[in-house]
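Protein sequences, first through last, are from chains A and B.
Going by our numbering, the first sequence opens with residue 210, and the numbers climb by one from there.
Going by our numbering, the second sequence opens with residue 784, and the numbers climb by one from there.
Misleading hints may appear alongside valid ones.
What the hints assert, rightly or not - Okay, the calculated beta carbon distance ranges per label pair:
1) B:Ser820 <-> A:Ile271: 46 to 52 angstroms
2) A:Lys308 <-> B:Gly809: 53 to 59 angstroms
3) A:Ile302 <-> B:Ser822: 29 to 35 angstroms
4) B:Gly850 <-> A:Asp303: 53 to 59 angstroms
5) B:Thr857 <-> A:Leu213: 38 to 44 angstroms
To be verified - Chain A is nowhere near these chain B residues, computed Cβ spacing over 10 angstroms in every case:
6) Gly807
7) Ala811
8) Gln846
9) Leu858
10) Leu878
11) Ser879
12) Ser890
13) Glu894
14) Ile902
15) Gly905
16) Asn908
17) Glu920
18) Arg925
19) Ser942
Hints listed in this document are in silico derivations from the structure and should not be mistaken for laboratory results.
A quick note: this is a predicted structure, and the numbers were derived from the prediction, not measured.
Here a beta-carbon is modelled for each residue, glycine too, at the ideal position from N, C-alpha and C.
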Amino acid sequence: MIELGQILAGLVQRTSEGRLKWRRAAENWQFVTSVDAISIMIVEIVSGSRYRLDILDESGDIVESLSCEDTMGKEDEQLERLYVLARRSALNIDSTLEKLAKALEL
Amino acid sequence: MTDFWSISWGDVATVAGIIVSLIGLGWAIKEARGARSASEAAQAAASETRDQMAHHLQTVDLQRAIGLIERIKTLHDNNRWEASTEHYQTLRAMLSDVIVRCPEDQSAVRENRAAARTIVFGMENSVRPRVGQDIPERDRSRWNRSLNAIQSDLEELASNVGFGDSQGETK
Chain A
210 MIELGQILAG
220 LVQRTSEGRL
230 KWRRAAENWQ
240 FVTSVDAISI
250 MIVEIVSGSR
260 YRLDILDESG
270 DIVESLSCED
280 TMGKEDEQLE
290 RLYVLARRSA
300 LNIDSTLEKL
310 AKALEL
Chain B
784 MTDFWSISWG
794 DVATVAGIIV
804 SLIGLGWAIK
814 EARGARSASE
824 AAQAAASETR
834 DQMAHHLQTV
844 DLQRAIGLIE
854 RIKTLHDNNR
864 WEASTEHYQT
874 LRAMLSDVIV
884 RCPEDQSAVR
894 ENRAAARTIV
904 FGMENSVRPR
914 VGQDIPERDR
924 SRWNRSLNAI
934 QSDLEELASN
944 VGFGDSQGET
954 K
């Protein structure tokens, strides 16, 4: 049986490799991506400290959630890392910083 | 024999030249046919994909979803938040329908709609608990921006599968 922790690790890896593109959702603290018809949403519940991962099935219903409370601290770091990476991907932060660096001739 | 070669070598060379030319011509014709059939095969594949999409998706479904997005944006603009909550679920169902009708090999198309459906889901969860409250302009414009992106995406899909005359307006 596949653990949610494995899925989380896979999402972190794929996002850090640039193989998963995230989009901003309805709020500034929610980011979403999809793999075929399955969606994944990472949400910042409390600014800078608590995050939740939601997995929505092919019908669009939440089938699994993983938050800091569920992991008892075990996967906190991974959740935070995924949030940071998803935000960077959705807001094209790397591209903006590269343009800025080029303009500043750094 | 020596006489034959000394007299007729020019004729033999001419015949040999003709044979080589004919072989070359045959090769060129074969290559040209191959190129044409490759080009035709690519065209047929593109046409087949388009037909497959058109077969699965219906113009009317896409136009209905585009129209509903327009309606939700109007409700947002008029602070009719409670009324808008009645439509998010319908929109999500419409997007699900588009995903289901989309051929399985069109994963990028399916992924875009699945992400759109999740964005609408998040929007519903944001709006529902705030019905009756004063919702700031920045929230309204952010939600309408998200809806605009979904609307444009559906309009693009409609035109890509050959439905053409998508009339949805983007604010």
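For this session: Taking the numbered hints from earlier one at a time, note which ones the structure violates and give those numbers from smallest to largest.
Result: Hints 3, 4, 10, 11, 12, 13, 14, 15, 16 and 18 not satisfied by this model.
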